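Chain order of the listed sequences is A and B.
Letter 42 of the first sequence, counting from 1, is numbered 42 in our numbering, and no numbers are missing.
Letter 184 of the second sequence, counting from 1, is numbered 184 in our numbering, and no numbers are missing.
If you're looking for bench data, these hints aren't it; they were derived computationally from the structure.
Don't take each hint at face value.
Said to hold, decoys possible - If you want a taste of the chain B side facing chain A, the calculated C-beta under 7 Å gives, among others:
#, residue
1, W16
2, V178
3, V186
Claimed, not checked - No more than 30 Å apart at the CA atoms, straight line, and that leaves these computed lysine-lysine pairs for DSS-like:
#, chain 1, residue 1, chain 2, residue 2
4, B, K179, A, K107
5, B, K161, B, K179
6, B, K11, B, K179
7, A, K22, A, K107
8, A, K22, B, K109
9, B, K179, B, K109
10, B, K179, A, K22
Predicted, not measured: the structure shown is a model, and the values here were computed from it.
Glycine is no exception: its CB is placed at the ideal position from the N, C-alpha and C atoms.
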Amino acid sequence: MLTPFPDVGGSETFEQSFDLSKFPGLQEVDFSFPVDWRSGRIHWVPMALSTLRPTTSSRLSAIQLHFNNTPFPGESIETLTIHTSDDLRRIADEVTRIEREFQGTVKFTVIWDPGFDGHRVPKCFLRMFCGAGHAINLDASSVKSDELRLGRIYCIATLEGMGSESYYFGRKDRR
Amino acid sequence: MPEECPAHHAKELRIWIGGDRRASEEFFEYTPWFTGVERMSLSEHGGFPLGHGGDPLWREPSSWRLPQSITSLAIEADVFTLVHLRDIMAQLPNLEDLSLSGHHIPVDKRALPGIGTALRGRFGGRLTLRHQYVREDVINMLLEIPSGLRCTEVRIDGAIKFLPLAVRVAEVCLETLVKLSYRAIVYCKSHPFSWSDWF
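Isolated chain B (complex conformation) (with noise of 0.2 Å):
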């Protein structure tokens, strides 16, 4: 890292991996320059729609280089499969807050057990889950953690369906539980809307 460099004073990354996603991604390789960042956000929306599941990532999360000292993370985009998930979250020993949002998750056809074994994390503060991240396979993965969950604050906005992942969520933290949100969404089948057709 050049000396003058000021990455070390920053304390909040905010990322976004939609558009070229080779130059954003090679940002990685600067990521550890960053020693002070406490919040990183990995968003991909731009008010346009992408593919069910996005683009394909360019390079592997596991290739990555995360800031040790990010305790915050917020990721909102439908790129990341589960593994990815993991591999991200992985690197981030200290981590206290986890949103995870996206409406098309890839799924990955892998039965994946002990996935969340390599997770870290303190897991005290806010765990937000929304839309397709309430899903059998996310929240198995959570409850892996070996330190296991403390949050004091969960907040889950998920298909009506999935009522009882939300209650297996919350009641893994009975004993630190703070603040409670859940809003229950009810999903129809989408709209036969094209944008070719619209344009």
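One chain only, chain A, in its complex shape (with noise of 0.2 Å):
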């Protein structure tokens, strides 16, 4: 049976993170970052989302959110998700009103990346991502579909190989 690696240096909690209304010619943010069982490592995420304002960030135009998924063996990725859901739930509330104060000027990707052990986007990051209100079918095989529409978000790409998959999630376009 596979042991977990002990994590060395990763605990730490911050009170601090990029204060991003201090770049006036900010135009690209991307921010890539680990999902993990414990709760205060993905806190930075929110709190830089959080100082974006349309007076302060005038010419910022895209945001990528990188999840990268990386449970311990055998854990599951709905209670990884669990015990991180009040800064998942932060950072789906930056996604919205950074959404309605720039008044769709601003092009979000997300992206979840399941990494060796997880084949499947949780339910409840979907839950977050995509609305209240969507029915969501989470068999592997609808969320391949690059057909498949998640409300807000949605399905652009999946990548498959070295028996890993990749979900690729992306605003819906504008038309």
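Using the hints, put the two standalone chains together into the complex.
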């Protein structure tokens, strides 16, 4: 049986994060982070997003959030995200606020990378980023479909290889 | 330089300093011939594990002669100390883009205050720091550059515990920054794997 490797140097929580309001010329923000089983580690993400305002970031045009799923062997992906649900909820709330305040001028790309051990997009993640009230079928075959529409966020690509699958979600095109 | 030598047409130098290091480092005797080169990459990884910190350099980078025309430098190697890095970058007065990546960078035990004051370059393009180059001594050196950092793009991939360092680097470029990329990495203790067991 595989034994989880003891983690080193990663359990810190930070009161400090990027204050994005300080960068008047900022156009693109790209954050990539592990969705961890302990709450607090991704606290810096909603903190940074909360500093974005149309008045201070008038040139902002794109934000990419890349969630890297790195559960320990045997750990349930749903359990993992429940433990970080407060931070995930805060991120989802900031995404909603930014979309509203920037009036759709910011293109969001949200990427869920399930890593080697997770093969599904967790239900609570989809609920948060796709809005309540949408029927979400988590059957892997349906998630793979590029046609699958999930409200605000939809699947734009699926990559497979090396026994791992990555589901890419992006904002629906505005027409 | 021989008259018929086409070196001045080259725009990019990709130098792999693994393997027979003496041979690759001897090449630096000829690098001044490449008068029009704009990009240079120094890489060491060849897909096989080297020792932590790699094998020592045969010749110190301070004796290399690098083309002054270089505007973009990319290092992906585990062999350079902070002093080596300073000696390389100090030769490049037109440096705009800098990319540093490595997993087992040798730590210089000496205190090196002011090491960055010798650095030249404009640093108005892209700055990429990855893995062990996201470290206090490296970043302090960059922050000491007399002309300052005016990067339009900052990309940092490093241990989550160094988030405050990433914030510092970004905030130095606050007037010029257009794109910010930050990748938080959580490292685990290395697996007790050995190549000899594998074979």
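Evaluated hints:
1. Proximity of W16(B) to chain A is violated relative to the hint, the smallest CB-CB distance being about 26 Å (cut-off 7 Å).
2. Annotation: V178(B) was flagged as interfacial toward chain A, and the flag holds, the nearest CB pair being 5 Å apart, inside 7 Å.
3. Interface hint status for V186(B): upheld, as the beta-carbon distance to the closest one in chain A is roughly 4 Å, under 7 Å.
4. Of the pairs offered as hints, the one joining K179(B) and K107(A) holds, with about 14 Å between alpha carbons and a cut-off of 30 Å not exceeded.
5. Restraint check for K161(B) and K179(B): the C-alpha separation of about 22 Å stays at or below 30 Å, so the hint holds.
6. The suggested pairing of K11(B) with K179(B) holds, with an alpha-carbon distance near 26 Å, which does not exceed 30 Å.
7. A threshold of 30 Å between alpha carbons decides the hint, and for K22(A) with K107(A) the separation of about 20 Å falls inside it, so the pair holds.
8. Restraint check: the Cα-Cα separation between K22(A) and K109(B) comes to about 35 Å, which exceeds 30 Å; the hinted pair is violated.
9. Distance restraint check for K179(B) and K109(B): the Cα-Cα separation of roughly 34 Å exceeds the 30 Å cut-off, and the hinted pair is therefore not satisfied.
10. Using a Cα cut-off of 30 Å, the hinted pair K179(B) and K22(A) holds, with the two alpha carbons roughly 13 Å apart.
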